[in-house]
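Undergrad: These are the residues of each chain, in order.
2 protein chains.
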Amino acid sequence: MYIHVNSHDLLEGLNYVTRAIAPRPAKPVLEGVLFETTETGAFLTCTDGTLTIRTEIEAQVEKAGQTVLPGKLLTELVRKLPQGVVDINVNEKNIAIIKCISSRTSLTCMAPIDFPLMQVLENGQLVNLPQNIFREMIQKVIFAIATDESRQILTGCLLEVTPGEARLVGLDGFRLALQRYSDTFVLPDETTKLQAVIPGKVLSEMSKILSDDESPIEFTFDKTRLFAKFGKTCISSVLLAGEYINYKQILPTDWKTRVKVNRNELNDAIDRASLMAREGKNNLIKLHITSNDMTLSSNAELGDMQETIAIQIEGGEMDIAFNARYLSDVIRNISDEELCMRFNSNVSPCVICPSEGEKFTYLVLPVRVF
Amino acid sequence: MYIHVNSHDLLEGLNYVTRAIAPRPAKPVLEGVLFETTETGAFLTCTDGTLTIRTEIEAQVEKAGQTVLPGKLLTELVRKLPQGVVDINVNEKNIAIIKCISSRTSLTCMAPIDFPLMQVLENGQLVNLPQNIFREMIQKVIFAIATDESRQILTGCLLEVTPGEARLVGLDGFRLALQRYSDTFVLPDETTKLQAVIPGKVLSEMSKILSDDESPIEFTFDKTRLFAKFGKTCISSVLLAGEYINYKQILPTDWKTRVKVNRNELNDAIDRASLMAREGKNNLIKLHITSNDMTLSSNAELGDMQETIAIQIEGGEMDIAFNARYLSDVIRNISDEELCMRFNSNVSPCVICPSEGEKFTYLVLPVRVF
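Here the protein sequences line up with chains A and B, keeping their order.
Take 7 as the starting number for the first sequence in our numbering and just add one per residue.
Take 7 as the starting number for the second sequence in our numbering and just add one per residue.
Excised from the complex, chain A in its bound form:
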């Protein structure tokens, strides 16, 4: 293989695909990036065995071929190269000579035959979403997934698509995050619902390489895998196996007290009250809701804090307590100017949603202290 490639293009491609390299790869070839020349450039591919990322870069191909180069080291090198043309020439001894202006590196290549094949899904259920929308949905849901592997299905997010709506759900037993996007989706029939549980790590890496414009990401799903294409990049991953929790059963439909509050005021108040909550043993913030205002309070041996903010209330007064981090995780991820908190009692979950519409629904379990 012998190619000429612009250092900037090469770096961009490497930055995309090397996200799939595991921190401690199971075998040496998985530390590598697979180069495969095409007519107008090269495919770069990395995989950890579960997640595979491939992208295409433009290049001038002198001699077609395939090779596997050490991924992290190559990326670091290319990041430090000057702007200009990089020559990558693999000789008959399987040594790649990488030249750029006055810099010359030789690297021992690995055998492309050992590199796992990317599994392309062609006959599956199709779903298209704008990249910026899907990226935002991920960012606003992923914090709520479980981190421990004891209930593996909860370490992923449920993507649920009906003819009129796509939903992304994450939950860990203490809180739930749900983002909705309304659009027309073509499914086999109107009663069909696509459901796929995508691993959290895969979504997290996707959110970092999706673009912030409306160009589409095209998903293909079968029962066990997903394949996604966006721009010149594609991703393949296993799905998490098993039945996801019936999250709709958990969402309260009714409420006894509803509070409208300014998002920034609430966020700042939680931010400060969290300081003292963290000093305390339970990381607790108490909410005292009256017809005039809401007081957030926290305490520790060192002292206590109280924050008072204006609210609009419907329904009765309420005293309820939350884990400070669970509350702050939710409010931080809301970008609306105003939000709504709905309560039934101080031992049942609080729903946090927009003051109008239902673009998102968050749910936080309270802590019993009263």
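Derived from the structure by calculation, the hints contain no laboratory data.
Accuracy of the hints is not assured; some may be wrong.
Same chains, same names: a pair is fine if it fits in one copy or spans any two.
Stated by the list, open to error - No farther apart than 16 Å at their CA atoms in a straight line, the calculated lysine to aspartate or glutamate pairs in the EDC-like style are these: (1) LYS254 with GLU343; (2) LYS365 with ASP189; (3) LYS86 with ASP277; (4) LYS365 with ASP93; (5) LYS86 with ASP274; (6) LYS214 with GLU42; (7) LYS86 with GLU271; (8) LYS266 with ASP342; (9) LYS287 with GLU171; (10) LYS99 with ASP310.
Given the structure of chain A, go ahead and fit chain B onto it with the hints provided.
TA: This is chain B only, laid out in the frame that chain A set:
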């Protein structure tokens, strides 16, 4: 004590003084910041027992007094407060009530009587330096000091002042960094030389709070302590005891090969060659200097790298090897466009200095590989 203070002023003051709080204070009161009201404001003071930092902030004093508040927690709180006036009111139960708009915090105060007194030096040797100059001297020398405590004197920098020059020196046995600043200094007589070994930690914290203008920092030294004033802030610290190494004996005065090289080209080449050096066992970069150019090379099991840069040479050719980090630490800290490397042999130290003048001198020991 009861004061009103602007939240921005309070935060700035706290950011200065809390640098003196130890990561794990030896007694609870050393986690605190001492407030002492003055006619127009308050002194804030923190100390770790060795280093003390005090600054003055403007405040409206309703009731004079002293108190000690938890330093880190207060700083975090004030950082999160909105712009505005903060009231700090210590009641008869020794509880401070801190109010700002709709935020109210109560904190248990510690007793000011337990707080160590700041030792002000009044009769000592005086030295004045511009803050920006001293800050730059610290930043360009401190990397070379020893980090292990086995030779404690080398964990500090030597400040040496003669009637015409101030010098700051750091060394760890493998490399030496020396910065010079020419000015007139008033010393008791022309043969006098002021020498003080300032702890590295003290210099490092100073470099973060010195301003980047020419306003002076005024030092007072006695045999065991330093006291420094700049703006509204003062610092007191012990000096390191013992005899500093006679660094002048180490500096070669002669050379057999001298090379002039562009700083950025050399820095980039070292940066890239360091990648492969790090993969190798010895973190080595070899220099091959000929009458035309200099080739830097490094190698590992994975492969090797070569960088070639243009030089101007006086004297003979040279092959010499260095620890990549020692070389890179020095070149990163040089801001001149061009620099000079002087060699005697491949087993004797290399001197790195400006191509004109002697504002700085660095010295790096080579590694024997030839």
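Undergrad: For every hint, state whether the structure bears it out.
TA: How the hints compare with the structure:
1. LYS254 with GLU343: neither (26 Å within a copy, 65 Å between copies)
2. LYS365 with ASP189: within (12 Å within a copy, 67 Å between copies)
3. LYS86 with ASP277: Classified as between: cross-chain Cα gap 7 Å, same-chain 39 Å, threshold 16 Å.
4. LYS365 with ASP93: neither (49 Å within a copy, 41 Å between copies)
5. LYS86 with ASP274: Between copies, since 7 Å is at most 16 Å while 40 Å is not.
6. LYS214 with GLU42: Classified as neither; 24 Å inside a copy, 50 Å across copies.
7. LYS86 with GLU271: between (44 Å within a copy, 12 Å between copies)
8. LYS266 with ASP342: Close inside one copy (12 Å), not across copies (59 Å); limit 16 Å.
9. LYS287 with GLU171: Neither way: LYS287 and GLU171 sit 42 Å apart in one copy and 56 Å across, limit 16 Å.
10. LYS99 with ASP310: Only across copies: LYS99 and ASP310 sit 15 Å apart there, 70 Å inside one copy, limit 16 Å.
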